[in-house]
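Two independent chains are provided; combine them into the complex using the hints.
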Amino acid sequence: MRESKTRPWLLLAGPLLVIAGLLLYPIVRVTTLSFQRYNLREVISGSPVFIGWDNYKQVFTGAPGLPGSYLWRTILPNTVVFAALAVILTIVLGTLVALLLQSVGPRVRALVIGAALIAWALPAVTGTYVWVWIFDPDNGVALHFLQSIGILGQEGHNWFTDRYSFYAIALLNVVHHSYPFVAITIFAGLLTVPTELHEAAKIDGASAWRRFWSITVPLMRPVFAVVTILSTIWDFKVFAQIYLMPGGDGSNPEVFNLGVWSYVSSINQTKYGLGSAIAVLLTVVLLLITLVYLRLLFREEDTA
Amino acid sequence: MTDNAITGFDPNEKPAGAHQAEAASFGGVGMKIAGYAGMVAIFLLVALPLFWIVVTSFKEKPDIYTQPAQWWPANPTTEGYKSATTEIDFWAFFRNSVIITVLLSIAKIVLGVISAYALSLLRFPGRNLVFLVVIAALMVPNQITVISNYALVSQLGWRNTYQGIIIPLAGVAFGTFLMRNQFLSVPGEIIEAARLDGAGPLKLLWRVVLPMSWPTLIAFSIITVVNEWNEYLWPFLMSDDSRVGTLPIGLTQLQNNDGITNWGPVMAATVLAMLPVLIVFLALQRHMIKGLTAGAVKG
Chain U
1 MRESKTRPWL LLAGPLLVIA GLLLYPIVRV TTLSFQRYNL REVISGSPVF IGWDNYKQVF
61 TGAPGLPGSY LWRTILPNTV VFAALAVILT IVLGTLVALL LQSVGPRVRA LVIGAALIAW
121 ALPAVTGTYV WVWIFDPDNG VALHFLQSIG ILGQEGHNWF TDRYSFYAIA LLNVVHHSYP
181 FVAITIFAGL LTVPTELHEA AKIDGASAWR RFWSITVPLM RPVFAVVTIL STIWDFKVFA
241 QIYLMPGGDG SNPEVFNLGV WSYVSSINQT KYGLGSAIAV LLTVVLLLIT LVYLRLLFRE
301 EDTA
Chain P
1 MTDNAITGFD PNEKPAGAHQ AEAASFGGVG MKIAGYAGMV AIFLLVALPL FWIVVTSFKE
61 KPDIYTQPAQ WWPANPTTEG YKSATTEIDF WAFFRNSVII TVLLSIAKIV LGVISAYALS
121 LLRFPGRNLV FLVVIAALMV PNQITVISNY ALVSQLGWRN TYQGIIIPLA GVAFGTFLMR
181 NQFLSVPGEI IEAARLDGAG PLKLLWRVVL PMSWPTLIAF SIITVVNEWN EYLWPFLMSD
241 DSRVGTLPIG LTQLQNNDGI TNWGPVMAAT VLAMLPVLIV FLALQRHMIK GLTAGAVKG
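From first to last, the protein sequence lines are chains U and P.
Sequential numbering of the first sequence, starting at 1, is according to the working numbering.
Sequential numbering of the second sequence, starting at 1, is according to the working numbering.
Errors might be hidden in some of the hints.
Ranges between beta-carbon positions, derived for each pair [to be verified]: (1) P/Val102 x U/Val80: 32 to 42 Å; (2) U/Arg210 x P/Pro62: 48 to 58 Å; (3) U/Leu111 x P/Pro62: 29 to 39 Å; (4) P/Tyr162 x U/Ala206: 50 to 60 Å.
These stretches of chain P come out as covered by chain U in the derived footprint (C-beta under 8 Å, 3 or more residues) [said to hold, decoys possible]: (5) 41 to 51; (6) 118 to 130; (7) 266 to 279.
To give a feel for the contact side, a few chain P residues facing chain U, derived at Cβ under 7 Å [as the list claims (entries may be wrong)]: (8) Tyr65; (9) Thr66; (10) Ile114; (11) Ala137; (12) Met139; (13) Val140; (14) Pro141; (15) Gln143; (16) Ala170; (17) Gly171; (18) Pro201; (19) Asn230; (20) Tyr232; (21) Leu233; (22) Gln255.
Calculated directly from the structure, the hints in this document are not laboratory data.
The C-beta atom is built at its ideal place from N, Cα and C for all residues, glycine as well.
For reference, chain P alone in the conformation it holds in the complex (with noise of 0.2 Å):
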């Protein structure tokens, strides 16, 4: 696990030899042909909605409805960026999607790494009978959750609250999950060797399992991360303006406006949301390849 530089993503890493070979022996050239096809489909059905947001987000006005479609801005302009920001209080969304996605990943972070820790590392009766009740509990639909929680919090008037989003989301158990799995790949020599060395089980945790996760920990975070800043149904509920309201409402808002979609906006806008999750994957995306399966694979 300390070697996550080599292993990790690294764009100037060379493919493996064998898996070259495989690519050059697969058929004839007819079926690399083809395989190479099938890959391009797959790029451009994967990249072109993307482009389109990006390209449109730059489009004046007029030239988003132009037909055949424009697929490069005849007048490039920021006017859409300039309307997302002031049509809605773009700025009020962005500061309440940051603090309620903060809050809730620390909330979601801590809770799953010590849950996992006592669920792996410490021996005691019904151990497995909780982590069955984990696993039960990430099954646990929205719809459950929201049916009971919506007049709980509104009798509570935690409507437009912070509290009112945030608690009620901070239930985790996909961390618990992963990090459990990680935990319990760490090797047992080192665990014992640590124990002699009279680390109690807080220290344990802190100086020798998490030194040795942090690919994972890394992975469960940026997920967590995503998810929390693309929560809609919950805060959809919770709030009814900018109040606490986070950016996919602001999203809803800016393209229900006026009852026409005016598109530009709405995908400067989009582009403006994703911003702060890319920046996290490129700060962090290097330790996260390693972290996605270093508790499913052992080795």
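Okay, chain U solo, but in the shape it has when bound (with noise of 0.2 Å):
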């Protein structure tokens, strides 16, 4: 190569400062505070006491005041059952929506793009108010709704009280505001799929469903990779859209995930300590799966 060996560390020197200081720097920090205790009086003298694995083993074994199981029972089916339903169901609505948007007339798809679009742009804080709001125990309108057909009783239903019955509308929150992503990306995917390849395989007999499996999916399996990790990442992560619902903010623990344990540990009970150890838990956790999809992208690269 002609370039000199050192200007590739002048462009990169930025940048690399930047994931350092505000990404590995922290990582690092925190590391070392989940081996401490450094609780409200620690931190107005400044001095951290070491613990050992002790904050661990309150995240593993039951903090004051939790269930034993808590992390078992309630957070990690909280995160990972939460992540997983999300992420699939986001990935079939958004191909369902894409592959709406190729089947349809201009004016259709311009409507549909034009909703996805917005549902996008939709703040997380207010999708999340709308969905709350949606679903009032006193007033919403899913209340009115089902007493109207006869579903529900007069006495009401408070749907944030119960822990599935609040994931539920967090996932219906979520999905709602992460599929028009994966609908858009798929979408721009499908447009590059030669058509000479369905054609062939229709003449061959190949039924609709058939060919979804055989042609589609194979020759978009880089975008399906692309969607599903990132939408992976961004699903263990929920954050807003937890804490901003009733109970999330700290008073229900039995809603809380990985991200909204951690930060009501650290910030709301400052036990800075603890919630470093329950963030590293979910770094570890995140990091796990970044293995899995590297594994399956420089595969491709390999292979490509």
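The structure is reproduced here in structure tokens:
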């Protein structure tokens, strides 16, 4: 190569400094904190106390006031199962909308793309408020609707106290907010699939279902890989959508996920050590997923 | 890549013939009806909440809570918009959002392009390792940076300042990732030709690589602008009021006003907060659709 050896590093210096200062330094600092007791008293005195694995013990076997199986029964399902469902639903809905975009006329297409883009532009904060309001226990549209068709009686129902209905609403909210990116990306990918392949397969008598799985999906694998991993990262880190729902701000530990638990422990309860240990756990989970993704990615580059 | 007028989104573009035929042959008529019914259901699920926001923003206060719900404002009014812009310091929040979004987006785009360029078209030892670090950085959850930076920024006395909000958020990994994929898809012959003509790395980037990558760059810019515009957690921690708070912070203030939510103004403020992003979408969407996959699919 002709360019000098130092030039790439000159170009990379800025971005790497930013990454190191803003992303790697916090990792080191939070990892250190996770082995310390750094509660309000230590914050004031400015001298954290090293306590070994105690914070992690609390995470895995129960912090004060929380059941011993809290991580396994509440937090991990709320984080992992929720993210898995959100990713699957987002990809399926996004693919369906992308296929719809392909098969409708230009006017309907413009309408659907418009609705999708508006859903994307909706701030997570107000998106959450809208869903909370729709499911409001006293006055919500959903309540009136279900009462009017006789599914719910006059006594009403509070969806936010029960963990499952809480997360069902969060799921609606998150999928509604994240499918537009997926749909438009997949739609753009579909435009690159050569039509001749579909024509040929049709002449051979392949059904639309079969053609979708044997032509579209294999050709679109890189697109699906990208939207899947990005959705996974985003859905594991969901914060505002949980925190802003009734109970998610700290009053109902049943509905926390890893991110909210970490935030509530450190910022609300000033147990920075415990919060850090939880954040480290979240990072480890995400890194494991990344490793799987990197394997897929590099295998693709090898075969390409 | 030069034909984005053809491949980019165009409402008048005809759907590819093969796919029209595909829809028609999707099983029998029953399947087709079921398919359309499903799509209509999806569309309603997606569009109804949005419709509800807009309708509510134009309702009079008592009408918002009547049951059965009004699907069209009985007495359309712009009172909600008036309250939204007077009950909170709306335009100050708006100004802060613009300043923070613009500065953050510029920083992220420049850093993303430069690092992606170095990681894709320059060859040097350790390149894959650096890329791995970037990918790993992409995973770092907000909670990590929040815990670490909160104390740091507070000690610096940077709470309620623009730099306190902007600098800790400037870490970029997504852009590096997206732009690297795009740059790798630029044909090697073109780059070799430019090099033979004596173009240095920066000229190569500015004159050859970037002009071929506009769609992806625009897609990346839109994603960045939308994300920064809607960023909640960090600005929420860093600002107490409208001095540097962003629109999402203003929206939470409006929602918590007096303890009872007055949904009309909240919905009106939501509509106002979405408008700038929608304008950006409208201006750039034609280029964006191609850009989202340019890096992922070679062809």
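Each hint tested on the structure:
At roughly 37 Å, the beta carbons of valine 102 of chain P and valine 80 of chain U sit within the given window of 32 to 42 Å. Taking the beta carbon of each, arginine 210 of chain U and proline 62 of chain P are about 56 Å apart, inside 48 to 58 Å as hinted. Look at leucine 111 of chain U against proline 62 of chain P: about 32 Å separates their beta carbons, and that is inside 29 to 39 Å. Between tyrosine 162 of chain P and alanine 206 of chain U the beta carbons are some 58 Å apart, a value that agrees with the proposed interval 50 to 60 Å.
Under a criterion of three residues with beta carbons nearer than 8 Å to beta carbons of chain U, the stated coverage of the region 41 to 51 of chain P is upheld, 7 such residues being counted. Using a Cβ-Cβ cut-off of 8 Å, 7 residues of the region 118 to 130 of chain P lie near chain U, which meets the minimum of three, so the contact claim holds. Beta-carbon proximity to chain U at under 8 Å applies to 8 residues in the region 266 to 279 of chain P; the threshold of 3 is reached and the given coverage holds. Hint status for tyrosine 65 of chain P relative to chain U: holds, with the closest Cβ pair at about 6 Å, below 7 Å.
About 10 Å separates the beta-carbon of threonine 66 of chain P from the nearest beta-carbon of chain U, more than 7 Å, and the hint is not met. Because the closest C-beta pair between isoleucine 114 of chain P and chain U is about 5 Å apart, less than 7 Å, the hint holds. Because the beta carbon of alanine 137 of chain P sits about 4 Å from the nearest beta carbon in chain U, less than 7 Å, this interface hint is met. Because the beta carbon of methionine 139 of chain P sits about 4 Å from the nearest beta carbon in chain U, less than 7 Å, this interface hint is met.
With a least beta-carbon distance of about 5 Å to chain U, the hint placing valine 140 of chain P at the interface is held under the 7 Å criterion. Against a cut-off of 7 Å between C-beta atoms, the interface hint on proline 141 of chain P holds, since the closest Cβ of chain U lies about 5 Å away. Nearest Cβ of chain U to the Cβ of glutamine 143 of chain P: about 4 Å, under the 7 Å cut. The hint holds. The interface hint given for alanine 170 of chain P holds, since its Cβ lies 6 Å from the closest Cβ of chain U, which is under the 7 Å cut-off.
The closest approach between the C-beta of glycine 171 of chain P and any C-beta of chain U is roughly 4 Å, which is under the 7 Å cut-off, so the hint is satisfied. A cut of 7 Å between beta carbons decides the hint on proline 201 of chain P: the least distance to chain U is about 6 Å, and the hint holds. At its closest, the beta carbon of asparagine 230 of chain P sits 4 Å from a beta carbon of chain U; the interface hint therefore holds under the 7 Å criterion. Because the closest C-beta pair between tyrosine 232 of chain P and chain U is about 4 Å apart, less than 7 Å, the hint holds.
The interface hint given for leucine 233 of chain P holds, since its Cβ lies 6 Å from the closest Cβ of chain U, which is under the 7 Å cut-off. Interface restraint check for glutamine 255 of chain P: the shortest CB-CB distance to chain U comes to about 6 Å, inside 7 Å, so the restraint holds.
The structure does not agree with numbered hint 9 stated previously, though it agrees with all others.
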